[in-house]
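Chemist: Using the sequences and the hints given, assemble the complete structure.
These protein sequence lines are chains A, B, C and D, in that order. Just add 3 to the spot in the first sequence (first one is 1) and you have the numbering used here. Just add 3 to the spot in the second sequence (first one is 1) and you have the numbering used here. Just add 3 to the spot in the third sequence (first one is 1) and you have the numbering used here. Just add 3 to the spot in the fourth sequence (first one is 1) and you have the numbering used here.
Do not rely on the hints blindly, as some may be mistaken.
Treat identical chains as interchangeable: a pair holds within one or across any two.
[Said to hold, decoys possible] Straight-line C-alpha distance at most 30 angstroms; calculated BS3-like pairs for lysine-lysine: (1) 68 <-> 289; (2) 205 <-> 134; (3) 134 <-> 68; (4) 205 <-> 332; (5) 132 <-> 111; (6) 134 <-> 162; (7) 132 <-> 162; (8) 332 <-> 289; (9) 205 <-> 162.
FYI, nobody ran anything at the bench for these hints, they're computed from the structure.
Number of protein chains: 4
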Amino acid sequence: MTITPPALSVFETLESEVRSYCRGWPAVFDRAQGARLTDEDGHSYLDFFAGAGSLNYGHNNPVLKRALIDYIERDGITHGLDMATTAKRAFLETFQNVILRPRDLPYKVMFPGPTGTNAVESALKLARKVKGRESVVSFTNAFHGMSLGSLAVTGNAFKRAGAGIPLVHGTPMPFDNYFDGTVPDFLWFERLLEDQGSGLNKPAAVIVETVQGEGGINVARAEWLRALQELCERQDMLLIVDDIQMGCGRTGGFFSFEEAGIVPDIVTLSKSISGYGLPMSLCLFKPELDIWEPGEHNGTFRGNNPAFVTAAAALDAYWADGRVEQQTKERGLQVEQALLAICAEEPTAQFRGRGLVWGMEFEDPARASAVCARAFELGLLLETSGPQSEVVKLLPPLTITTEELDEGLRTLARCVRETA
Amino acid sequence: MTITPPALSVFETLESEVRSYCRGWPAVFDRAQGARLTDEDGHSYLDFFAGAGSLNYGHNNPVLKRALIDYIERDGITHGLDMATTAKRAFLETFQNVILRPRDLPYKVMFPGPTGTNAVESALKLARKVKGRESVVSFTNAFHGMSLGSLAVTGNAFKRAGAGIPLVHGTPMPFDNYFDGTVPDFLWFERLLEDQGSGLNKPAAVIVETVQGEGGINVARAEWLRALQELCERQDMLLIVDDIQMGCGRTGGFFSFEEAGIVPDIVTLSKSISGYGLPMSLCLFKPELDIWEPGEHNGTFRGNNPAFVTAAAALDAYWADGRVEQQTKERGLQVEQALLAICAEEPTAQFRGRGLVWGMEFEDPARASAVCARAFELGLLLETSGPQSEVVKLLPPLTITTEELDEGLRTLARCVRETA
Amino acid sequence: MTITPPALSVFETLESEVRSYCRGWPAVFDRAQGARLTDEDGHSYLDFFAGAGSLNYGHNNPVLKRALIDYIERDGITHGLDMATTAKRAFLETFQNVILRPRDLPYKVMFPGPTGTNAVESALKLARKVKGRESVVSFTNAFHGMSLGSLAVTGNAFKRAGAGIPLVHGTPMPFDNYFDGTVPDFLWFERLLEDQGSGLNKPAAVIVETVQGEGGINVARAEWLRALQELCERQDMLLIVDDIQMGCGRTGGFFSFEEAGIVPDIVTLSKSISGYGLPMSLCLFKPELDIWEPGEHNGTFRGNNPAFVTAAAALDAYWADGRVEQQTKERGLQVEQALLAICAEEPTAQFRGRGLVWGMEFEDPARASAVCARAFELGLLLETSGPQSEVVKLLPPLTITTEELDEGLRTLARCVRETA
Amino acid sequence: MTITPPALSVFETLESEVRSYCRGWPAVFDRAQGARLTDEDGHSYLDFFAGAGSLNYGHNNPVLKRALIDYIERDGITHGLDMATTAKRAFLETFQNVILRPRDLPYKVMFPGPTGTNAVESALKLARKVKGRESVVSFTNAFHGMSLGSLAVTGNAFKRAGAGIPLVHGTPMPFDNYFDGTVPDFLWFERLLEDQGSGLNKPAAVIVETVQGEGGINVARAEWLRALQELCERQDMLLIVDDIQMGCGRTGGFFSFEEAGIVPDIVTLSKSISGYGLPMSLCLFKPELDIWEPGEHNGTFRGNNPAFVTAAAALDAYWADGRVEQQTKERGLQVEQALLAICAEEPTAQFRGRGLVWGMEFEDPARASAVCARAFELGLLLETSGPQSEVVKLLPPLTITTEELDEGLRTLARCVRETA
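Modeler: Here it is in structure tokens:
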């Protein structure tokens, strides 16, 4: 397939230079279904990016679409601030019954503004309020969002520089395996906490991703996460898991931390929580932390009711039993096999991942970009991540068929070969 | 009409204590159309709050609803990051043709995350980057959002305290009429800027609302806004108008600053820009300020395409000619007449406003809450604002009929009388 | 008298460009006595600067000199950290008997590092610790020192820029008469404190100079100071008077705030407290504020015992009775008369002052520098102050004779005439 | 010898609770000579603390005393701001001839306020100004001073808490041997600098002590210092050596970094630079860094001329040849032998040091305090350091005789035995 770059005039003349994905994927997309998008010229693309993890159930999933149209047709509340609505109640009950109760998770549910960064901002505020301390520890190559609170715990130097002010109150610690196993876990962090002369401001909380997506698909081991939870308990710090990209089944279980058997104090969810790509986010926390005053954090669109409708439908359709989790693990094995074969032929690459999130790291960062560029020409949407964009990131919808997955992986193999 | 408070069980047991509006309006809402909501018991409510200004065209506006359902039905892109899509192109072209070009406004358009606070965060980042300074001046009783960057330029002490860190890099200045006309405009601000010994960190920008909604419906005069623009030019500071609540026709013209004849350097829009209550926001700026690097600010849901569809439909339907603006001014006169009559009978109250945003301030703050509580019992949704919640805020949909408006205003009059 | 600029070689080649006074006074000084300095070429200079207020009793005052030499001769402790010494005890007892008790001042005494900025740092730390708040209010054109804590409450933009980090946690308010009496005192400050929506972080303390020396000899009225004290009490903020330059008798009474009849919560002293120009500083505070833990603030040279010796001698010699205060007021009248005459002839100048600190402000800042330059040529040491160095500052030793004072004032008059 | 605790009344009633050393040494000291102090009851104390390193040439050193008295007698300038004086010139020339030139050090000399923390503040300001970055890296258990700028790069949690504001813009890194050699030097630091996703704000400078005095006598190896210098060069960061306590011969050479063969970009000196315990400090830097504007940093007592006189005399008397350095090393060997013997008998203690600064660390921190308390009873002044005050610190005057040193070491041995 050959793609003719369309005239992007209004995007180039009117939209800000800040736009990014559209530069690597110079098409004007029009429709989408499942794992496929179609541009206005009728070209079809297989989606291995899934809205950066926002489309775990595929584009315009028919089950959710039906529920959404029904709701709109019947003039259900669209914009509800934080008013009680029947749609919100249905979501809350479903979330409790399908997600929280079976996992024995005691969380209260907060609806921040419907974006990931807003969920993180609310989590950080709450942790600081509960502990009465300003400092928060994050990890190397973390990504938590672009508003000032979230950006201060984000690692990327380029994004941090955009703040325009010195970002403070956050201290980075080495993520799992940062030194390839040569340094004991938490050696530095724990020593700083225990040494009264270390100069570390005692943190209110630690914020962590179980798998760092933007940071380069860095996978934390279950024992590392457990040790982190124990360290937090021992040192009176709250543990925040930012499950915005890795939650909602991306790694297998609904929450990415289930596998490790930990129960974070605070959890943020967004991206795929609405299931349909509609803006929505949640901040979950243990009941004893719920010391918010009414309205102490708010947001105009926190009651995005159409998203509640698709969210409840997605939970009902996909999480009432364990099929999705099982299928994600199987699809993950399929990816792993393919990457094993690709890397066997390509010694400058290595791969890692969990569930349906995988990364292929190239020694030469330019190679990763070249692979993605070639993939686009061949109708496959792939993106890079990592501090130098050196990692090709695989994030297909969880609902992708084995055939589609196989097709995409074969295209990837071809791209790797052709860019050698 | 008498409302029986419903059993709010799951809201009370599962949702965080942070919830607020639902406490003053103890109903479970189910459907809505135009200026009316219906709860699950079939009670009807007249909406004088309009989603805090997010529903300028009423709930589930039929014209927008049609466009939205058509788009969803045909599997248009739902979640598009910042990819080029046909829906985004249609919005951009419409925004340029219907809004920017007729007003001779040169702005570039940025899509931040789809909430107001995210638009403000991007505006502040850009201003700081352009000027290379950290400090931003805001005004007394300003409200710009709840993430850390926006919160630092927000006035409310209760909301600021929620930050959990000292909020810095912002300095408040007196808003128009803060001293009831006894002090010359900008006396203090200008003197601080000119005095090399004043201790003010030179600001990168000034952020202002033309009418402070959350701050108590404080209306800046056109000449004050013009003088502010001149001060910004003279002192090499960028002027940011936060038009999130007052833009999209709320005060008459599409932008609230049109009447003053000023052209801010940066403008933020959100709330009613999608027209249908869907999350969406824009940051507009003069082309010479567009020094963003690709991806220097981003957000997962910045390409909320269903919102682009309703936004374009709303612009086409309501802004291709000047009818809405004319009608808003007429409806505003209707409100003004009614408030004049109410305040003639109630000497402890005074009112102010512009277009279709009005406030009634009571000497006793408790009275404002009592009026809203009684209004709810009578089926009218009203909220307070102001630093002590001493102002009853009128924010009906722009599309409200004169009859509905009259009905609500009569109910308001009754509430004022009955709470005396 | 004509001065030949000496070869300043080692100063120019080895000392940093940061040096300043030596540029305006290009002589190499060798000896000094009372109000006169002598350079290495034998030229004599009359000192109207007095070490920026550090030499209230003149250079090498014979009474203090005797005590100092005796102490050194007998091998009294020179460096004592915060150990108890007989010299420190003598100072403490004298300070209590001569200064605190007769004025009924209840202060505890702290010895910070022996510089003014260190005293201010300790005052700010203590205020923040006591109140548990970060913010401190200072005034336009305040000067409190050059270390980061003090610099954040200092007004001068040039000096602030030297910090290299954004200075935060301080907010400037208008000093007395900042708007020439056109705005009621504390209108803005009080309104910000009372308005819960003002955006002002509630301050722990207010720091003020009764006469701003570096800021341009701005004299606060007694009623303004009293109103400030009342405002602090009403709003639960500590009142810190920085009496480093204006204390030790400069304005008449030992403390410059005595005349206003106020009792600040915290007072900083330095400059002339040792009397002999030796480094020493004190931080005084009400006993109930003394919540310091042992060693929570310290400093290597806080026990500069030779300074304790001269300090005690100075208090004994000059403050056991009211003669100095009386004499300072008389000398002040002499200055006032002379300035009145000078300004009668020079309409672009105006003057102000109290006790023996006076300023002459010129419309054209260059004129003030020209006056000082000419004065140096004529053997008179004068310096400028104010945000644009537009004020000629008169700060002669308190012990100056009427003849010397007259001589200097006549020279000043001549300089004003000759620079017209 | 038995000491009767004297009545400390005025210290207890008038002086602030912040006082500390006087609590451990409950005597009122009166006179001192060389390594001995005498209290008012005539008891004599051997000084192994030397004014925290401010009295390297002993108390009231007769050579310096003579020069000082002569200067005072002849009415030399006492207080000179930053005016050129004959005393300052003599110091500058001596410093250049005796210290800088023989060591081929190119430094410019700045006179900050005459305390260590002021020197550090000026060093940090300059580094930030030169590099245009806010962040500075310090090390675990560093001590740099108590004003806000210095405190932000100081490790001790108790002292940091005294700031009353969150201390930011500083990041601690592990000092040499922090992990007992199990982790490669600078592994974490270098990785953070190289990883664009690490979250570390790029530092303007690194500030380090070659031997951490307050931190517990932690001795950096020469190769570690060299590697640090190389890292700074490679990463475009300035290297600041804080030589306030370890400079002026404490470790052997005049500068403590000479042995490592490095040339820091900026050096701070204070404590023993005046030689006589008089307040004085210097900030030295490479000429190309001297971008200060005149007066951009200043301080009332930066021209403490009596200190210049004793400083020049000390340099002349002790540094014109290499005898002091040689002698310090010999005395250091004497200490090392004694500590070796003591620790051979006391397995819970270990020791470390360089030149004439040594520490004995006890497993049980209370033991270190007990040793010091017993030492005081026996007429020996000893202090603890380290994050838990677990290290007994030996800091005798460099001019101590072998007999005095032996006496003190025997007393120390006795104290260790008697507190077992």
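Chemist: Hint by hint, say whether it matches the structure.
Modeler: Taking the hints in turn, this is what the structure says about them:
1. For a Cα distance limit of 30 angstroms, the shortest separation of residue 68 from residue 289 qualifies neither inside one copy, at 33 angstroms, nor across copies, at 39 angstroms.
2. Within a single copy, residue 205 and residue 134 get their C-alpha atoms as close as 10 angstroms, and across copies as close as 21 angstroms, so both meet the 30 angstroms cut-off.
3. Within a single copy, residue 134 and residue 68 get their C-alpha atoms no closer than 43 angstroms, and across copies no closer than 46 angstroms, so neither meets the 30 angstroms cut-off.
4. Proximity of residue 205 and residue 332 under a CA criterion of 30 angstroms is satisfied in neither setting, with 39 angstroms inside one chain copy and 41 angstroms between copies.
5. For the homomeric pair residue 132 and residue 111, the shortest alpha-carbon distance inside one copy (16 angstroms) is at most 30 angstroms, but the shortest distance between copies (35 angstroms) is not.
6. With identical chains, the CA atoms of residue 134 and residue 162 are at most 30 angstroms apart both within one copy (28 angstroms) and between copies (18 angstroms).
7. Both within a single protomer and between protomers do residue 132 and residue 162 lie at most 30 angstroms apart by alpha-carbon distance, with minima of 27 angstroms and 12 angstroms respectively.
8. Taking the closest pair of Cα atoms, residue 332 and residue 289 come within 30 angstroms of each other only inside a single copy of the chain (29 angstroms); across copies the shortest separation is 49 angstroms, beyond that limit.
9. For the identical chains of this complex, residue 205 and residue 162 are neighbours both inside a copy (26 angstroms) and across copies (13 angstroms), given an alpha-carbon limit of 30 angstroms.
Going through the hint list in order, the structure does not satisfy hints 1, 3 and 4.
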